[in-house]
Amino acid sequence: MVKKIKNVRQRNYLARDFDGFRSQLIEYANIFFPDKIKDFSEASLGGMLVDMAAFVGDSMSFYMDHQFNELDYTRAVELTNIETHLKNAGVKIRGKAPSSTTVNVSLVVDVALDEGQSIPEPNQLPKILTGTTFRAKNGTTFTTIEDVDYAATDFLGELIADVVINSTNIDGTISTFKITREIQVVGGKLIAQSFSIPDSHTPFRTIVLTSTDVSSILSVVDLNNNTYYEVADLSQDNVFKAVSLGVNDRSNASSNLEVIPAPYRFVQSTSLTTRLTTLRFGSGDAKSIQDDIISDPSELALPLVGTTTFSKFSIDPNSLLNSNSLGVSPRGTTVTVNYLAGGGLNTNVGAGAINQLIALSVIFPSSATSAQKTLIKASLIVTNTNPATGGDNALSIADLKNKISSANNSQNRIVTREDLLARVYTIPSQFGRVYRAGVSPSPDNNLSSDLHIISRNSSGNLAPASDTLKLNLRKYLNEFRLISETIHIKDAKIINFGIEFTIRIAPNINKIATLRTVLINLRTLLDVSTFQIDEPIIESDIIYSILNTPGVQSLPSLKFINYIGEDEKHSYSSELFDLNASLTNGLIVPPIGTIFELKYPNTNIIGNVL
Amino acid sequence: MPTGSNKTYSFKAVGMTSTEVQEQKTLTNRTRYIGIKTPIEYGSADGLFAMHTDALKNIKDNFKNLLLTNHGERLGLYDFGANIRPLVFDLGKEDFDTIAIRRINKAIAKYMPFIEPLTFETINNGLDAYGLGDVGIRIIYNVPLLSNDQQGVELILHMGG
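Going down the list, the protein sequences come from chains A and B.
Per this note's numbering: the first sequence = residues 1428 to 2037.
Per this note's numbering: the second sequence = residues 2 to 162.
By construction, these hints were calculated from the structure, which means they are not laboratory data.
Incorrect hints may have been included.
Result set (DSBU-like, lysine-lysine): computed pairs, CA atoms no more than 30 Å apart in a straight line [to be verified]: (1) B:K38 to A:K1465; (2) B:K111 to A:K1463; (3) A:K1463 to B:K61.
For the chain A half of the interface with chain B, some residues (derived, Cβ under 7 Å), not all of them [said to hold, decoys possible]: (4) K1463; (5) K1465; (6) E1469; (7) S1471; (8) G1473; (9) M1479; (10) F1482; (11) V1483; (12) D1574; (13) V1575; (14) A1578; (15) D1581.
Bear in mind that the values here come from a model prediction, so they are computed numbers and not experimental data.
All residues carry an ideal CB built from backbone N, CA and C; glycine is no exception.
Given the sequences, and given the hints that come with them, work out the whole structure.
What follows is the structure in structure tokens.
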């Protein structure tokens, strides 16, 4: 049987632009239709039809290239596509960034006597609330972002506020105190905006805030006092919550960290084109919340219908954790959003620029009289000793695209040592501050790691982390660790050390000045900020620093001293460690989980001159 | 010079087979379609559109379309055409002829360089049925590559404004 040959005409797919398509079409017509038409000149109708076909091909070719480019974030140009790339990579689009600083807010209060001691009148100590606004000399508004209680005390029971005598009576007794506290402020305005939500169920309802450059959403509350929490994505059904301790502990922890369920939740997104911020709520019906928001993993069990076997199948573990609703969508209520808006480079102001009160939001103890309140409010003085920094204009599209590459490397799990350290250092400061952290394999269990941490006290010296910080850290890390990974959070041990050296100085060189230079260099080299947990002391660095000082001829002796215990002026850790005996190959390696500290640079470095 | 066993043939000495002669006759007798006639109309059994079979008529048709096209009207060729329409607002001006000739010459030079324009003549037609002034343009040309016969096209411009 003769196989019929299919009539396939030659095609060429190399043409990509107008001229290419046109010449290919004409060539095609000349080959296959030479007896039908010959005139394809530009002035002819045949030429015009070919032009039109070539134009369509050119346009389609262009859009195909364009769409292909849009698939890659580095080459994408359409804002909506760039927005999608950013969303997929987890990069948050923000408006202008506000500057931040602390302001010292001083108030004058009366004196009271406590066991014969003059103290600020406790009944007049107010609490300045979030939303108090100040103005800088350039007109920028700054808003407080925390409630600050002037009656708050530290773990020793003493007022955190700085108290100085403001005025005295004729007989020399104290009349009034000036109390000052540092308050965190950001350059921007606190805005409260309410949205009336109709009584109809709309899954994934969205509301759009009217202000651009929203830097932070402080609270979202409805009429029933349900608080809506911001989550990274709507499948995240719990959030971290700070529960105030009332006092700061020695690790500066002012709050306990709690993990709470968040059935009322939303995600925030900002449009690249309008810079307006949109809140998107979940899909659950607020009227049937009980049926909808609590996940039931047992419901995922699959019934076997008409068979007794089943194959292996893939499963998304998140589906066990999620409720069906992905959170609640509000209905028949009014949602009030409190947020901070504003920012930009102009919010960066110098020290002393913030000096005017705009609006004071304050509450007093109930026993304070109206006259006292008025006087205290009138006495308020505000200033900033540190410049307000961090304000910046909105990131450009190029900047945002560059952030995608780094965002691709981030993850929500602790897998490596670097992941763990990054998590430890990024715990919000109100839960305590870890100054240094070190990770080492646990000697007791191969599957465990020891996390040694250390904090600093108010003097800037190393101090063991408080239990509050460690508990907060445990809850925080637990949300990110692998299920089989055990992390032991331990206090790092502190080895206080010093050095004693003898140098020979060249003739005709000022010995005192040279020695002072050597001491200054060594203080910088051995500053506590230069040490990490488990980091050794490198002897040659010290020798190099000394001998490199102009005028020093030689270093006849150098020895290390381990300081322990207490004396009249100094207090050291109790860690005993023979540094000189441990000096091997020019390194003094500390035991695992230990950090070196040169605590008193003025006395712990002893220099002799021959 | 041919020497020894070398042979030399003249092309003229080589004939054609009878089949080839027949095929050539068929091709010669077949109507050769050149370009599409405008305005477009349905063609005979040979094709979808009515086609020109005479090169001079085809060129005249193209020339007519060139004169009737204004800049921006042709997809992909923004400057195709003589761009005469904007001149209907300047029919009464002294330099109308100069401008029109220049535009037509420019269009011919770029898109139909094988045409040789010979004369340009304006004809005052008086008022049309709507009371507007009419101006006729008569262009005489020839196509030296094909024939020395003079060809002519005539445009009627209705005064604008």
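Index of numbered hints that the structure contradicts, given in increasing order: Per hint list: 11, 12, 13, 14, 15 violated.
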